[in-house]
Amino acid sequence: MKSRAITAAAMIGAYLATASVAQDTSQLYTASFNYNGEQLVISQTPQINGDAVAALYRLPENCGAICVVPHTAAEGVETVSERDVLAFMTEQVASGDGLLIDSRLPADRAVAFLPASINVPHSLITPDNPLLNDILVAMGTRSLSGSLNFTDALPIMVFDDGPTTTDAPAFIAAMLEAGYPAAKIKYYRGGMQVWTAMGLKTEGTQS
Amino acid sequence: MNAAGPITETRKGAALPWIIAVGAMTFAVGMTGAMFVMQNRQASQTEMMAAMMMQMQQQQQDATVTRNASAALLTVPTAPAAAPAPAPVPVAAPVVATAAIPSASAAIANRADPAVALTDTRTQEEKVAEAVAAANANKVRMLTEGIVAGLYDVTNEQDASGSGTRIALASRNAPSAVVALEELLTEAIASGEIELPDSVANADGVVDTQTMLFDLVQRSLEGGSDAEIAAAAELRRRAFEASTAQSEVVGGERYYTVESGDSLAYIALQFYGSTNAYGRIYEANREIIPAPDKIQIGQRLLIPNV
Chain A
4 MKSRAITAAA
14 MIGAYLATAS
24 VAQDTSQLYT
34 ASFNYNGEQL
44 VISQTPQING
54 DAVAALYRLP
64 ENCGAICVVP
74 HTAAEGVETV
84 SERDVLAFMT
94 EQVASGDGLL
104 IDSRLPADRA
114 VAFLPASINV
124 PHSLITPDNP
134 LLNDILVAMG
144 TRSLSGSLNF
154 TDALPIMVFD
164 DGPTTTDAPA
174 FIAAMLEAGY
184 PAAKIKYYRG
194 GMQVWTAMGL
204 KTEGTQS
Chain B
3 MNAAGPITET
13 RKGAALPWII
23 AVGAMTFAVG
33 MTGAMFVMQN
43 RQASQTEMMA
53 AMMMQMQQQQ
63 QDATVTRNAS
73 AALLTVPTAP
83 AAAPAPAPVP
93 VAAPVVATAA
103 IPSASAAIAN
113 RADPAVALTD
123 TRTQEEKVAE
133 AVAAANANKV
143 RMLTEGIVAG
153 LYDVTNEQDA
163 SGSGTRIALA
173 SRNAPSAVVA
183 LEELLTEAIA
193 SGEIELPDSV
203 ANADGVVDTQ
213 TMLFDLVQRS
223 LEGGSDAEIA
233 AAAELRRRAF
243 EASTAQSEVV
253 GGERYYTVES
263 GDSLAYIALQ
273 FYGSTNAYGR
283 IYEANREIIP
293 APDKIQIGQR
303 LLIPNV
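In order, the protein sequences belong to chains A and B.
Add 3 to the 1-based position in the first sequence for the working numbering, that's all there is to it.
Add 2 to the 1-based position in the second sequence for the working numbering, that's all there is to it.
Hints in this document: simulated from the structure, not taken from any laboratory.
It should be emphasised that the depicted structure is a prediction, and the values quoted were computed from it without experimental measurement.
Glycine included, C-beta positions come from ideal geometry on N, C-alpha and C.
Relax, there's no trap hidden among the hints.
Partial list, derived from the structure: chain A residues whose beta carbon lies under 7 Å from chain B:
id	residue
1	70
2	72
3	145
4	147
5	150
6	152
7	154
8	155
9	167
10	169
Next comes chain A alone, as it looks inside the complex (with noise of 0.2 Å):
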């Protein structure tokens, strides 16, 4: 009797074992689009770079062990991790409905950067930027005599390093500030550390 009740324990853990396994690997992120007239395949490799993961790490002295910035940026933008950052990339980003933006300065960006992204360091939003007006009409934004108009600009998604670093919350802050709806801004906040220890593909230096 006890004996039965073990191998039935044994086989219906078993059982969940191997769905759970199943459904590891139906979870491995891949996507392939179209941008800028060149086809994309991005897919996770076995092989984790860790110096590459280590290149985007840099230890600020104010901290006793890493410091992290809070999970939501601002209110009304969703944060989103890399399943989102790669549908957004294949269904809006490669029809250009949608801007994956870098916003670390470049300096930063030539270490490495996620495929289809364009750089607009956050540094350039400010108010008295006498083009952050064009950036925003760049977007999709319309503009009359100084006054904006925000129903056609592009949702965006926005990333930096990663959960150290603060460039993105900077440049949502920055851009809510001029007006853009929230609701149109997410913020991809694993950013390229969480992306490159994942094996997922970047460009740059390091590709």
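Assemble the complex: chain A is given as a structure, and chain B must be docked to it using the hints.
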């Protein structure tokens, strides 16, 4: 790379500040509501007073607000002249007059003062017509004065058919003037007294009096004093920002697809905040639009310089 600062935890379970804050908010909202109701009541009283004054001084006409487009609307309609006049025309007020402003015309019609009749050579009908013109001028003036004072909102709400939103002018000081002027425009166009401008003609063939009203008010303000010109710019800004019309940018150029209810003037209102700017869209799309009133639903129009 901007590094994140240390995390500062704030986890104090003090409920009292919250209760105070919520209480304060409720009080503020209540007060704002009460103020708004009072303001509205004052506005309608002012309007009633204005209407009464107008009835008493029906001869005092003010033509200064009648400019360009508004002139057609505000001139005395000479109803019998247009008709072939076969039979003696009975003494009746023009079509526009009675329905829109019964109080004014009725009051004047009842003023059968024999002393005045002796010296005044005008017929009863002419007097009524003049009173109506004065009343219309008054309504336009009330509306434009309110706009100069900023007493209005540009709304963008679901239209009657529920197919989308429409930009509308919501006057705070003279809401009934808006309604009356819209009725007046509808009837004047139906009776052929004023011609529907080509730019306002939409793809459905339905008269869009709201867009005509915007046109009327904007033209009236744009030719006026510095304060009125500034008010016209502010009205443009509000209309531009209120627009939810969706367009797409292809190769650096913005395109808009004509929808039901659109006229060139209304599209210009949505993208430039001004019905007057329809010419820019017309010029940019001459190849596909033979005339300003010949736009079709589904047409893709280039919207320059936005």
